[in-house]
Amino acid sequence: MPTPRVKIPGTAAKGEVFEIKATIDHDMESGQRKNKEGKPIPRKIINKFVVTYAGNEVFSADWHGAISANPYISFFLTATESGPIELKWMDDDGSVYTAGGAITVS
Amino acid sequence: MKKSILAAAGATALAAALGGPVLADPPFDPKDPKFAAYISGDKRSGYTFAEPETRGMQDDDFTNPGFLWVEKGQKLWSKADGSANKACQDCHGKAEDNMKGVGASYPRYDVRAQKVVNLEQRINMCRVDHMGAPEWKYESDPLLSMTTFVRHQSKGMPVTVQVDGPAAPYFEAGRRFYYERRGLNDLACKHCHEDLWGMHMRTELLSQGQANGFPTYRLKWQKLGSLHRRLAGCNEEIRAEPYPLGSPEYTNLELFLAWRAQGLTVETPAVRK
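Keeping their order, the protein sequence lines are chains A and B. Residue numbers are given in this note's numbering: position 58 of the first sequence equals residue 58, and the series is strictly consecutive. Basically this note's numbering = 1-based index in the second sequence + 106.
Since the hints were derived computationally from the structure, they do not count as laboratory data. Any given hint might turn out to be false.
To give a feel for the contact side, a few chain A residues facing chain B, derived at Cβ under 8 angstroms [stated by the list, open to error]:
#1 ASP62
#2 HIS64
#3 SER68
#4 ASN70
Glycine included, every Cβ here is placed at the ideal spot set by N, Cα and C.
Bound conformation, chain A alone:
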């Protein structure tokens, strides 16, 4: 079971641009490799990453085969209101891994 790690600042001033960093341990098996018997190893990657802030989707990314294992991503948001921030990683096999935090905006 992959374990996400996220870094979200606890507080920000209204209008401030803040950074979120996130990483998850995942093999990101590309589907291009073969096993010892020469059979292709089926693709199993995280194909989508979505972020919601106070219930609204504010960031998303489609990921493809060339993303490294244990992908790391950082991005910026503008502090508009206090609320929860939720990050979701969608796996090819249908699993969804979530992590998050909350920010207080003053």
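Assemble the complex: chain A is given as a structure, and chain B must be docked to it using the hints.
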């Protein structure tokens, strides 16, 4: 000496060295205070040979992917297992307090085992003797995670191992291995990591081959790996038959490498190419 590295590197590398593009070495200034923690006398951690981007990954606990394993180890620390239904924490308390410095002193002669054991083997002894749990396989995710978590508690502390007394024969065996030529290329560890560090081999800048950052996240592996995995890689590099991971040969060599790294500090988990 010159001759042997040519033999090792082979015709392609030689051609690259003579006619290929000139690679710029990563910037390194021994007087720059930001490297002070990675140098001790003539000893230089692999960190000082790494590209600035790779160093940057290691510098930030968050971008350092090795921390995924530190966190997995931390979770396992308090998880009960085995017929005794005990967790590491039940006997050892807080790892942050009670495992501080432990990882910096391994491999170590163990009175009960009556031999030198490395940290991986010491952890497995606790699983078997104190928890009634099966050994974790070498290079398995739980063993890598726990080893990384325990050694990380010594981060920043100097590597200090005992090589005299009962440890002496193991140390001597490790030293012998280090200076012994082997493989189709007929090279010893010392040829690349003592005599030729700072030179290029194919696309690689040879470092001193210091072991203070293990287990290490290697970009090439796309995962964290043990020192023994790296040693097997260095053996294969010169077309020598690698020893099994966890073998006495590599454990003795690990003791010699730890002694050789003394003065440098534990970097676990380091990030390397």
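Quick rundown of the hints versus the structure:
no.	hint	result
1	ASP62	21 angstroms, violated
2	HIS64	16 angstroms, violated
3	SER68	6 angstroms, holds
4	ASN70	5 angstroms, holds
In terms of the numbered hints stated before, the structure departs from hints 1 and 2, listed from lowest to highest.
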